[in-house]
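*Asks:* Sequence:
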Amino acid sequence: MPVQDARNVVTSPALPPEIIDLVIGFALQSLHHDGATSPRLFAAIAPLTLVSSQFRLLTLRRFLRHIIFSETEFGNENSQWNRFFLLLDSLDEKTDGECFAWVRSLRTSSKTLMGRFHSARLAALSHLEELSVDLATEGLITQKPFLKLIHNASAKLTMLTLTSLPCVDIPLLRLISATFPCLLDLYLSCTERLELHCCWSCYEESLGRTTHSPIPDMFSSCTEMAIIFAKILKSLTHLMHLHLGIYFSDEMLIHYHIAHAEAGERRPFGPELCTLCEGAAAEVQLRELAAGLQFAQSLKALRTFQCSSFFNDTPGYSSAMRQDVDGWRNGTTVYVLRKNGRIRVRKTPWTP
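Residue numbers (the numbering used here): 3 to 354.
None of these hints come from the bench; they were simulated from the model. Virtual Cβ for every residue (Gly too), placed ideally from N, Cα, C. Some hints could be false.
Quick list of simulated restraints, FRET-style, between CB atoms [to be verified]: (1) Arg340 <-> Thr51: 44 to 52 angstroms; (2) Ile21 <-> Arg344: 49 to 57 angstroms; (3) Arg344 <-> Cys184: 24 to 32 angstroms; (4) Arg346 <-> Ser222: 23 to 31 angstroms.
Produce the entire structure from the sequences given, and follow the hints as far as they go.
*Replies:* Encoded structure:
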């Protein structure tokens, strides 16, 4: 039997790893756009991991880049987090530890990170760039242990989002300023905790468990609060976008409104559309602009400042938008222009 010449053997052409990586990336991108959380996403891409060892590593590298957890999946404990790290530990030896650096974005709830299982090992995610955590289940006391937890997150973070915070205060800002010097986008908000979907009783109860208006209990004036906050955040020299989800109006504004507002199912429950509260609008809007200017003077790279507000004088901001409780509610955006050594602020975007 003649021996086949090795030079005549035709092998199947192999796709370059770069092409395979792009194909996998497109597949995962479409699933991310559908809002799939990571556990459901993993179930969808599992067949790709069985094609070959190369496919498996490329697929998992893409999959691990953006991690999204939901506390409604797999019970209410942090078992998702433990499953996630079991996967990373299984890849550790095969990738010489590089798998932990694959994770660049993490979106989850505080309950997922802290539970009866192991607390989150955020320090292991050495190249984490974006961290988003919802703290709806936390209170003023349990917020402190959570802050100790995120203190271990990567100093390379460029985006930090903490929603449904019980309180935005000085210790929180000091921790962030000292720990994450590379931040470009900082989003801290309390007002998601306010109950806007139910009734007056629930609305008032949610007001009581949230530090939504720090003036005058925590700070004597809006000017004092803006100066102190801006001074603390001054070390964030790269920060371009700052959102503080608190009201810059006095806390008594809401209490005065509740005292004279109509009962029943009239919405919104706050002062947004109250004709008796409109007299405070001009002063509150001026406070928000002044605060934006104060932050712009301290944060040299700042382009936008946002805060929660009952009064928005931005053109095109209609009553219907104010009552859209499912959207970004009652927000004010201050745009910063730096030109010829001057800083100017207003509530409409500056044209180039």
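*Asks:* All hints are to be evaluated individually against the structure, with a verdict given for each.
*Replies:* A quick look at each hint next to the structure:
| no. | hint | result |
| --- | --- | --- |
| 1 | Arg340 <-> Thr51: 44 to 52 angstroms | holds (49 angstroms) |
| 2 | Ile21 <-> Arg344: 49 to 57 angstroms | holds (51 angstroms) |
| 3 | Arg344 <-> Cys184: 24 to 32 angstroms | holds (28 angstroms) |
| 4 | Arg346 <-> Ser222: 23 to 31 angstroms | holds (27 angstroms) |
The structure meets every hint from the earlier list without exception.
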